[in-house]
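Colleague: Chains as they are written, first to last, in my numbering: chain A, 1 to 310; chain B, 1 to 505; chain C, 1 to 356.
Treat the hints as calculated values from the structure; they're not laboratory data.
We put the beta carbon where it would ideally sit given N, CA and C, even for glycine.
Treat the hints with caution; some may be incorrect.
Listed below are the simulated DSBU-like cross-link pairs for lysine-lysine, each with C-alpha atoms no more than 30 Å apart in a straight line [unchecked claim]:
id, chain 1, residue 1, chain 2, residue 2
1, B, 278, C, 219
2, A, 293, B, 304
3, B, 111, A, 239
4, B, 369, C, 219
5, C, 242, B, 360
6, C, 321, B, 396
7, C, 242, B, 270
8, B, 360, C, 321
9, B, 361, A, 304
10, B, 361, C, 321
11, B, 396, A, 304
12, C, 12, A, 292
13, A, 304, C, 12
14, B, 360, B, 304
15, A, 292, B, 18
16, B, 328, C, 242
17, B, 369, C, 12
18, C, 321, B, 369
19, B, 55, A, 304
20, B, 328, C, 12
If you want a taste of the chain C side facing chain B, the calculated C-beta under 10 Å gives, among others [to be verified]:
id, residue
21, 107
22, 110
23, 223
24, 233
25, 235
26, 295
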Amino acid sequence: MDFSSLSPVAMIVLLIGAATPILLAAIGELVVEKSGVLNLGVEGMMIIGAVCGFIVAVNTDSPMLGLVGAAVGGAIVSMVFAFLTQYLLSNQVATGLALTLFGLGMAALMGRSYNGIRPPRMPRLEVEGLTDLPVVGRLFFSHDPVIYGSLVLVFAVWYFLNRTRSGLVLRACGENHEAAHSLGYNVQLIRFGAIMFGGACAGLGGAYVSLVRVPQWTEGMTAGVGWIALAIVVFAAWKPWRVILGAYMFGGITILQLSLQALGISISGAYLSMTPYIVTIVVLVIMSADRKKASINAPACLGKSFHASH
Amino acid sequence: MSTLLEINGLSKSYPGVKANDDISFAIQEGEIHALLGENGAGKSTLVKMIYGLVKPDEGTMVLNGAAYTPAKPHAARASGVSMVFQHFSLFEALTVAENITLGMDDAPNRKELSAKIRSVSQDYGLPLDPDRLIGDMSVGERQRVEIIRCLLQNPRLLIMDEPTSVLTPQEVDTLFGTLRKLSADGVAILYISHKLDEILALCDHATILRMGKVVDTCTPKEETAKSLAEMMIGGELEIHAQTEFNPGADALVVKGLTLMSDDAFGTSLKNVNFTLRKGEVLGIGGVAGNGQDEILAVLSGEEKVEAEMVRLNGEAVGQMGPNERRVKGLLSAPEERLGHAAAPAMSLSKNAFLTGRIRKKLAPGGVMKSRRTNRFAREIIEKFDVRTPGIHVAAKALSGGNLQKFVIGREVLQSPQVLVVNQPTWGVDAAAAASIRQALRQLAADGAAVIVISQDLDELMEMSDTFAVLSEGRLSKQQPSEGLTIEEIGLMMGGDLEGTHHAEA
Amino acid sequence: MLRLEQRQQSSKTMLYLTPVLAVVSTMVVGGALFLAMGINPFDAIYLLFIDPFIDSYNLSQLFVKASPLILIAMGLSIGFKAGVWNIGAEGQFVIGALSGGAVGLALWGSTGWWILPLMAVAAAIGGALWALIPAVLKIRFNANEILVSLMLVYVAENLLAQMVQGVLRNPEGMGFPESRNLARNDPTSLPDFFDPLGIDAGGVVMLLLLAGAFFLLQKHALGFQIKLTGESPRAARFAGVKPGIIIAVTLGISGAAAGLAGLFELTGAAGKLTIDFPVGYGFTAIIVAFLGRLNPIGILLAGVVLAGTYIGGENAQFLLKLPAAAVTVFQGMMLFFLLGFEILINYRVIRVRRAA
């Protein structure tokens, strides 16, 4: 891609594309964390989603079915984590890491005969008349369905968490699982469901990388996006709308960094490639520095195992 | 009056203990029925079975003439049985209305619910703002939320588990008013407590539990505190004589102590002053959550303050960490036994090392002396009668009372100059509590200075030479315990920090 | 119906038995996976789990692979014990190799026994400093060390790419992005001690450090403080432990260990710095640490088992056309099984009859 001749509008369009995998994975993880579970396996679920989506899309020649396959794949692999952490009370940090390691290997194994193939093209949603409008058309009416879908998903998650009783119950599990249990809610089952939702979202995010962004299958292609998504949840202070802000900001940094590389700026490419990771660290530091604020935002039971003794 | 709930032969066993053994009694409609017993008598297990949290091994219940087998709290609530827990099932980061919705099975929409919360809470004299965050509320206000949550479901039976342990005497009066009104409206109340005066004042009938069995029933109005106590404990009540009080030089002086809480829902300490002399026991009373944990942390050295704010034998120690203070003889025992005073999964020997390292020289130069450590652990177990198979047992395997004896013994045997203890007998059986109190009094008699932080006023009155109350992070004037009345203490707990009696110009 | 019941005391038997159960279960389930892939499961299991330990050539390779894994895992385990989650050992491994390698390359042409030790010191310091970044950010700003240390892996890899294209590039290498070969230059190459066993100087250092870790955790008050912090942070503060120091010490130790492992890899098996230098030891070491129950002796055994799967994996790739990724799947699976079986340590499974 030639980045040197890009207009601001084109940059924004690219930015949205770069942000969408992070957005999808992060909004899923947000729901998981709101229920009180820290799943560090986002990267592993994403890569599983990437390969599942790719395989299904190539074999059915349908990118949409590919997305379905990715969500299912991500959800299935997340069930391993859910079972281990919720019913066998394993340590969430260690199990999340195991999920990432396992996912990376499993995806490589599944995808080994799919290297170098191009997947079917994801259609764009274009609206006659509107898409051709200058600036506005490209900014708002030229994207693929996943991008619109991801924004709808964020709204849906916000609505679910803040406007529905089930969402309130889910948040309650994350705030005080003992109390939720004593009120008669099945904490483990609710968390199991949240984890699967997170897995499906991460899977979708992964498929967006392999079907739209790259679009190709290569081992380890998610390159840390899953980890960045985890950081975005912290950045967003566990608020759905801020996930959009965080993800788009990262999309922006990625695109800026790539276009600077293309412009042949005197800074070397490897240094520029570091920037998203360094920015992630900076963001984490800023968001965590105020301990008092951070402790209000984070779900109180985040990362703690729950076992009903009665 | 007709019978509301009939309990026939309920039994429940846990590994190694029969928590409830063939329990039978009945609750009439609209009566306030006391369930009296010491900690560990089986009260909690019994009410959990009534509320559907625990399934009985044997026995049946009949509610309103129909078989009652609640599989879940949900089923219990549907049958008209509600419960206010001793440890609240509340969510700090959620609002009052959200908390109440969560506990209801057919909650109305937000607006309707908020209006209902306002009206019901007003009616019963427990006003509540539905939009406030629980985390910002006092313990007494939190209990209101629990009660209102139950009342909104129009219960026939309301179970209250030790409701006054967290209230000031004035709040207790308000609560009793509410309960009497409920009773008059036909709601039966199962009132769990080990406080005799409350039961005498409030209840129509009492069922007394001991070691998991019903040992007696009575009508409280026909009994005295002494006779109730004898039924509960199963023997004559011992009253400890106060030893003579001859204070020595100043041991610990706290002046202008102020600490901003780091925790979003914690309490800040505001200008706390007191002087503790050698041989003195200072009792600090007050409702939980008013700065007790914070004051312990400041004195133990877990929280640092300006050096001058805490003086030990004249030396400014506010900036020192826990171990530096241990060197100087200032020791402490926090309230939370597992996870603060002791590491749950570590052996008693390792837990003896945890605070004994410095004064008992258990790791000179950094290398741990295991023989010396084991000897110290054994000494604690022997001298404080800790019932355990040995020093290699994990702390969490001990019963609450035994672990508490271990924790107190660990500090006492290091011959402190000043010892600070928070809730030394919380959840401990009567015999163990008596021996802990005795050990602390003896320590003071031997010349050490002791601070006892507790919510049990009887305990404080029994043990302390001087007395003060914590209220919202402020400490009342320190006064001689002798001659203080419950009313005066109540006013102090409610925030009247000068105290009405002994007031100086 | 089955139910879990908490044990009063953790079961020592289960503590030692669970890793064995995990390995056996991995063999069984992995075997089924091979069958599904059309590979003879018995051959594959034999190559992965048995052949590396009986074939003499493989044995010599075993220790070469096991050394870095054990060294890194030893460092990580100390942090894990304290509840400090350094998962960026891969980055510290790279930085160790970069800083130690830079010293060696700067001294190119000089001779002397001191060069290699100096490189080792530089590597340990480099790795430790890299790990102290998340430590400082956690202590000072409460930033999550898991994410920071992981992000720094990507930063380190980019830094490596930059260096091998730039200052550390072999001036006689016809522009290839790689450094000179340090293993083929006497003063900078890692000497072998027990040749047939494949134990080189790095292995010896590793064993010494492992003994040190054992002493620290079992006998020293600092080790007690580390364990106490992980077990119960509040009790640790009460015992006078300064949490910041524990974070810095444990991350520093694990970074130094990973850095050293990086240097040994560079001056031994790998020889030169290239962008393909990091091969995932830093991540596999996490599995080693857990499989070894965070215990130095356990880690030694677990490191050997995991190294075996690497070597067996290479052979199986050659003989059975087993894809390389299968080994990673195996390792992940092993960790899953281990974490799942861990419940048996603190809980027992009891059969309860459903109440009527």
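Colleague: Name the hints, by number, that the structure is in violation of.
Modeller: Checked against the structure, the hints that fail are numbers 1, 6, 8, 9, 10, 12, 15, 18, 20, 21, 22 and 26, while the rest are satisfied.
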